[in-house]
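Engineer: Take a look at the letters that make up each chain.
2 protein chains.
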Amino acid sequence: MGSEKKGKYWVGFDLGGTKMMAIIMNEDFKILSRIRKKTKGYEGVKLGLDRMMETIKEALVEAKVIIKEIRGVGVGCPGPLDLDKGILIETPNLKWKNVELKSILKKEFDSDVAILNDADAGVYGEYRFGAGKNQRCVIGAFCGTGIGGGCVYEGKIIRGKNSSCMEIGHLPVVPMGPLCGCGKKGCVEAIASRLSIAAAASKAAFRGEAPKLLELAGTDIERIKSTTLYEAIRGGDKAVEKIVKDAAYQTGIALAGAVNLLAPDVIVLGGGLVEAMPDIFVENVKAAINYQAMSSLAANVKVTSAKLGDDAVAMGAAAWIEQL
Amino acid sequence: MGSEKKGKYWVGFDLGGTKMMAIIMNEDFKILSRIRKKTKGYEGVKLGLDRMMETIKEALVEAKVIIKEIRGVGVGCPGPLDLDKGILIETPNLKWKNVELKSILKKEFDSDVAILNDADAGVYGEYRFGAGKNQRCVIGAFCGTGIGGGCVYEGKIIRGKNSSCMEIGHLPVVPMGPLCGCGKKGCVEAIASRLSIAAAASKAAFRGEAPKLLELAGTDIERIKSTTLYEAIRGGDKAVEKIVKDAAYQTGIALAGAVNLLAPDVIVLGGGLVEAMPDIFVENVKAAINYQAMSSLAANVKVTSAKLGDDAVAMGAAAWIEQL
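Sequences listed follow chains A and B, in order. Heads up: the first sequence begins at 1 in the working numbering, then just goes up one per residue. Heads up: the second sequence begins at 325 in the working numbering, then just goes up one per residue.
Bound-form chain A, shown alone (with noise of 0.2 Å):
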């Protein structure tokens, strides 16, 4: 990709199913813009990368940055993807189908482009500036509405022949277990998700055992935010502190598997369930690991919470640029 290379800025972006994010970098990665918009996805594909142009430029602009000073440009966004071409095949959250990204950007930004799935530009991102900085096997798993997954081996991202893998969220930890969006049973993701939790909090709630989240919510499992659940658990909801706990010790026994597989240094937690309470996480994701994995692997693996939050997916997406 060396011919391409001129500018030393770098636009990262991640694309989300209800947000986006443009950031501007300098050739430290020292972040200079940000821009956020909401993605849309209802109102197409067409509009949705106006969307997309919009947000890059206007963080441009804010960085003091033009087009022709532009080294490249990542791209994390949810799956699956052509990774080698670059093209979103399907994106459930957005309605988009065989979006040919990597070569618009290309065309808009004459410059070097990566599309990456979200999870693996999240723990990139975390490998390179992160909670697993430089280190050399790197395992993120990111708990939100989804699990994602994602891992960085001797710096390269763990990845399918023309797939994003590491899909921890669809681990088994439950033989016959509920029923996973996936359409398998027993994946922990059907169990530790947001939205599996809130489903199990809000029949807590309906059954008269969750006041807190009862009045903060009600039991529409959309209005159940990880904060929501933070909130109902600082407000005396044993029975939601009950569930959050069981999900991320079961998010753990999960995560004990690939500990089993790839020995990990690090194991980094994010996510809006780990943002939102990062100590109920961290604590029982080691403990199902020392409860499960193998002990010479468990002792040797650290488990901590993410370090760049929000900017991790676009961060990591603009990074692994760098090494193609």
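Covered by chain A, per the in silico footprint, the following chain B stretches (three or more residues, Cβ under 8 Å):
(1) 479-486
(2) 575-588
(3) 617-629
Selected chain B positions facing chain A (in silico; Cβ < 7 Å):
(4) Cys489
(5) Met490
(6) Glu491
(7) His494
(8) Leu495
(9) Pro496
(10) Cys506
(11) Lys508
What the hints contain is simulated information worked out from the structure, not anything from laboratory work. For each residue, glycine too, the CB sits at the ideal point set by N, CA and C.
Following the hints, complete the assembly by docking chain B onto the known chain A.
Structural biologist: Only chain B this time, still in chain A's reference frame:
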């Protein structure tokens, strides 16, 4: 390691708990000779090392190769190992402790030496010469007395900081399941290893539900080998058949987790159980992966039995040196 290169012949060594084998290969990894001996770990380290040297030297004589012509010596052995220093930290079956095998062999043969975990060596052998030849991502599961695993990803063996990893036998499949030799509960090895199958089958024999097995081996699990199990199945023991099929299926459930994490192109099944009953294992592992792994990843993985048999470990260990 370039300075030490001289000869063109490879020595591969498989150091097992009960037997050892040396093979000599030419520059194209064509096998010129094979010598096997019993390991006799109970005789202690010194006599054991003497037997190793003897075995290698006899193989050299048979292949008409002299020590000066050796390009490298690769040894696959049971763990845990210090991979970088080439030390056998502890080998439960041999009762050897802290044996500096790499430096001993380097001195003896004045050539490059690699000490590998046996499962890693086996899967690397299958990757280079066997059922996973030149595939991007190959996972090997060796189902015998225990269940060992390894992964070759983009030409390299996935490893821990200074140890092997890919402990497929210790992937949890049943919460609060049977106690495993590793001290944890519900590992697939505690259900599906040859020892675990033999224990379950011996109960069936004791209860009078496996008359053929009772006739062949009684209820002593030491006498219930993989071939005995197969013979009992062929002799009409439905209870044994059910136990073996379930074990193969549970192995597949564990592997489904590995599929979700690593999106392998090929899963190679080897070891005594698979050699005795390849069809039962391949079929049930496939079925379990289709049941439990994400559909898109399950669809892309080929499950097959190993091709190299007893040669895999020794061949893989020797070939590994070439790419160091």
